[in-house]
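Colleague: Relying on the hints, combine the two individually framed chains into one complex.
So the protein lines, in turn, are chains A and B.
Position one of the first sequence corresponds to residue 1 (the working numbering), numbered consecutively onward.
Position one of the second sequence corresponds to residue 1 (the working numbering), numbered consecutively onward.
Wrong hints could be hidden among the right ones.
As the list claims (entries may be wrong) - Part of the chain B face toward chain A, derived, beta carbon under 8 Å: (1) GLN372; (2) VAL373; (3) VAL377; (4) GLY408.
Said to hold, decoys possible - Lysine to aspartate or glutamate pairs mimicking DMTMM-like chemistry, simulated, CA-CA at most 20 Å apart: (5) B:LYS328 x B:ASP208; (6) A:LYS39 x B:ASP380; (7) B:LYS34 x A:GLU109; (8) A:LYS218 x A:ASP208; (9) B:LYS34 x B:GLU66; (10) A:LYS39 x A:ASP208; (11) B:LYS311 x B:ASP208; (12) A:LYS39 x A:ASP112; (13) A:LYS39 x B:GLU374; (14) B:LYS311 x B:GLU333; (15) A:LYS151 x A:ASP97; (16) B:LYS160 x B:ASP133; (17) A:LYS151 x B:GLU350; (18) A:LYS39 x A:GLU14; (19) B:LYS34 x A:GLU108.
Derived from the structure by calculation, the hints contain no laboratory data.
Note that CB positions come from ideal geometry on N, CA and C, so glycine has one too.
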Amino acid sequence: MCHAQVPFARGGAELLAENLVTELRERNHEAELVTVPFKWYPANTVVTQSLVWRLLDLDEVQGRRVDLVIATKFPSYVVRHPNKVVWLVHQFRQAYDLDRTELGEYGEEVFDRASRRAVHRLDRTTLSEARRLFAISENVATRLDQSLGLKAEVLRPPPQSLDYRCEEYGDFVLSVGRLDRAKRVDLLLEAAAADGDLRVVIAGEGPDRDRLEELAAKHRLDGRVTFTGRLDDDALADHYARCLAVFYAPVDEDLGFVPYEAFLAEKPVVTTRDAGGPLEVVVDQRTGLVCEPTPDAVAQALAWLRSHPDEARAQGQAGRTEAARLTWDATVDRLLGT
Amino acid sequence: MRVAYYSPLPPERSGIADYSAHLLPALEQRIDVKVARRRSRRPPRGCDVALYHLGNNPGAHEWIVEAFRRSPGVVVLHDVVLHHLVAGMTIARAKPEGYLDAMQRESGIVGRLLAHGVVDGLLQPLWEDRAADFPLTMWVVEPATGIIVHSHYAERCLRKLGFQRPVWVIPMPAWPVDVTASRTQAADLVIGCFGHMNTAKRLPQLLDAFARLHARRPGARLVLGGSPSPGIDLPGLVSACNLDDAVVRHDYLDEDSLWQQIADADVLVNLRSPTMGETSGMVVRALSLGKPLVVSDVGWFSELPNEVAVKVPVDERETEMLDRALEKLAADEQYRERMGKAAVAWARSEHDLDRTADLYVAVLEESVGLPQVEHAVLRDVAGAAAELGVDPDSSELTDVGARLREVGLGQERSTNS
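With the rest of the complex left out, here is chain B (with noise of 0.2 Å):
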């Protein structure tokens, strides 16, 4: 089977060039792939199917979303809301019309008319905050013959939406890793929070519950290690709760000091609302690790055994949930042991890449040739009835489609990895 594939890669600065480049040698040693080249227009020769990674931004998944738009194949969607790619595709390229498309799509009329608000500036870009109430998704990944999602809830997410096609879900495949910690700070103990800091990572919340623990164990410190933002006062956040000595900032690390910094840690802090239904590889990068993780309860992060996460509800109750959790796993050192070994496992289990690279070439056979087998089955079947003169649109004949369908072979199927 040969295979085009399209993705940004390193080095282009992305979590899913990072996946991709971590991800093509396990296929390549599976099946032939021909890597797609950026910004190219016509698909590699000779290939049975396209692979085309889409994620929310737009400068490296344009040129992804154009080639799919011209031979549609099989997505793998690593954001279920892309309102941000909608966006930038046409609002940032002077195309409004296809944003008031999408949002029509999305929402009717009102959408239509919200969109006109926000491309002649009367209404708050909704990207900002209400995202995941116009995903745009469907504008996007309508044409896909099938769609490949990291979680569950981004499967359900996609069923909402209306997707009928197929849909497999495979997990993120973690990387394999030699760091072990070598902690350099004099700190009773060291929380973690990395990736870039945005509204999302619930950051005044996360600092409030780390000043409650901070009152009582002096000792303890944040590492806060990723870009901020714009528009994020990382700095003030940190002074308003007086934690200056206590909290470590890191605006950028390159991938060795990110993995140093995450050894380094005893306990990892991963929260996020909203989510736009993604998988974090920074959880991924813990779980291999096997470090504790402190998480929302919410998306993707739900799906995580109680063994390897402590999950914090986003609601009123949030900074007293995460100020508890934080002073169990500060108080408990074989309670961290126990989640470290058990993130371990899991990581090991369901983040395996081989297991990764299998499930893929599972999806994309399935996805080339099962249409032809259901159809050979029919045909088989319609043959038989004709030798016997049955019409083949008789009730009898449908009969053996919904049987087909019955053993998830019939063309409506919901599949699942």
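Same shape as in the complex, but just chain A (with noise of 0.2 Å):
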């Protein structure tokens, strides 16, 4: 199992790759997993970086021949294998759909512009070379055909093992993930600033983590805004259990495991228009909420599901039936052809 890593960052990547090892050894295969650390800046550095995973021989090991190579996302798929998995989580998107927006990383000098050329010339040759290429979603497959012309079949990863249960649709809304810019936590503080009866908690560490400390300070917000930092799995499922509903409102998020974590605790979740992967499985007044990006609608539909516990309760109730068919023997299956 490949797995580009970042070190001290874990997110749902690191989770799904961790979980997968887990679930192929639980089922008797020999599973190991192989992570090279991967840093995306300067950006003329990529291709260098993934070529370490070129160079790296997983044909066997100590005389035995290793069956199958599993990659997930950039650049452990650039590693050679005769059978060779990929399930894609997600590209280097600096080089693609972030190119020339705030999250790129690429210049306007012909060095610049052709070291994004050349990661586009690696996803091509190395993506192709899959004997089977998997998407974590439809978000990510349409990314994949669109830039490279590359079809992938989708296959939804399921979310962690927790102790998921539902125990009351609580006072507080609860936010769950990685405080970077791109998932946008400070809309929901925005959203908080909109609504004085609005509580939320947001669980999870990262970059983004001070500048939105002083939004919520900015804002006044503290009694009704807990940052609980990195939650123990305990912990989470404990706030998955007793909150009334779950924002997740990433751009243009490639899947995000939250939605299904949420659904399987029966809460319903509010995301947004622009979100994408959550948006394959949040559907507006079904399994949740869907708004536009505003704070103001954010607050308007967290305010509409407190008046409304009944339709909460069901529709976090229909989110369990959809999160409950994914589960790691079909996933596994599909992965290994079986």
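Modeller: Written out as structure tokens, the structure is:
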């Protein structure tokens, strides 16, 4: 199981890789997680770092053949193997849809432009080598098709294993995830500023935490907003069990595990029209609410759920039915082609 | 990125001039393009790369070849056989030595001897019927840092000729058009054939097949639109088939009239043999207007999807197969409609102008910068190796170069858009 590692950062992609190794082992396969650190800046070093994967020899280990390699996110799929399956979490989006946005990495110099093209060439070649190509969501598959013309089968990963349960539809909205700008937690804080009755718990760590705490202080949200930091599994399951709803509205997210986790705790999810992957599972008025990406719209959506607890429960329960369909048995079968 | 752009442009009358006039605005939205003035000897200043459009017409392209030789760059090759261009630049300019060199470059001593025969008037000019056997393309394009072509057929031809630097395939862009049929002829079925009327258009075969169709369907009409080549007796060919009342000829059509004639036709026929590896602007126009096509099963034409074009072999069955194809199209209106819809969809996806312009930008960015990126990667790896005392020429570092080539980033890369 090949996975590009960003040291000290941990998110859904890391969980996916670790969970898959665990699930493979539980099914009596010998599985090992192979990681290589990846730093994506300066952008002109990306190709060199990717090449590290190409120089690895995973055909055999200690004289024993490695039957299958499963690679996930860029640049782990650059690895060579006669039986390579790619379960694409995401491409190096700075070279694609994030180029020339504030999240982009490449400048306008000839070298930068060509470095970006080199990533495309690398992707086209090494993804085409895969015996099977899966994507974790429609969103990821569509981006791949539109950027490189490569078709991927959609294989949504099951969420992490937690003690999911629903104890109540409490008085707070939960936000779970890494705290960086793309996750757009500030939208929730602005919504709390617009609605004096909204209580929020923000679970997670990340480089945006200081800015978010300053924003909360600026709006005098003390007492209504709690930053818990990273929660352990039990604490996270407990928060899911007690919250009213879950807010999850990153910008054009690949997939996001959070909606499925919320659903397994029978909680509706509030997201936005530009959230990308979450829109594949959050259906407006059926498993949650989909609103415009503005503080007022988010505040209104959450207020509606507060005042309609029966509908909140019904949406959460509908979500649970959807989430329960994703099983590791089916996932492993498709990845292994059995 | 700043690009020097060499191409014939309107009012010059050439398909490549029309092509550039169509492409340039879309390119200029994406990158800084400096169009080189015709016959200018110096390249525009401060450009990162030069793009040279080359075709077979010496009058339109000779100055571009000269500029390209002074400062090689990326070539857009519109014809993979450049014999006419070379002959025009050499023999027609009283520089036979150039022609001898080109033929020797192509076919060794035999080629040189043949060239002598042509120059001395002892042999029939090779460009008349054997250009495809002696394309002379490499003599022109060898210094190119990379070549853009419009079909995979042309790409294969270049590889066969021995070109080893990058080759990119970028389809010809379709024109945005808004023309609707306003047919004035009283005809059950109108078949159109447009473009320069030369021997490669297979006119005797077309007229023969149409005569058979017309015998069964007297209401059918054939429209021939385009100037005939010298030596082609079009009226004589038509009369010989007793088709004077069923064939409508337009020796010249301006652009608006051409579009209208295509719009008014039910079916377009565009036969071709021999092919010089060219893409047909007429076919792309017909696709844009959703017209069912009948083409020869050669070169770029073979790459058209079966849903949009009936492909006729160039062999002893040609006339018979053409007759069958026309009969089927005449008899089945729904079949024509299905093909027409597929043609529009194909033109929108494959021949979309924005897609074409994006591909050009990708090629230009790659052609200028990828060697730098490759060099930087090898420098990084060699630097790390040197810290460990590994010789830069060691087999370990050779392996790194091999891996780079494996992922499409080595110097000998073969490329596709």
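Colleague: Of all the hints given earlier, name the ones this structure violates by number, lowest first.
Modeller: Per hint list: zero violations.
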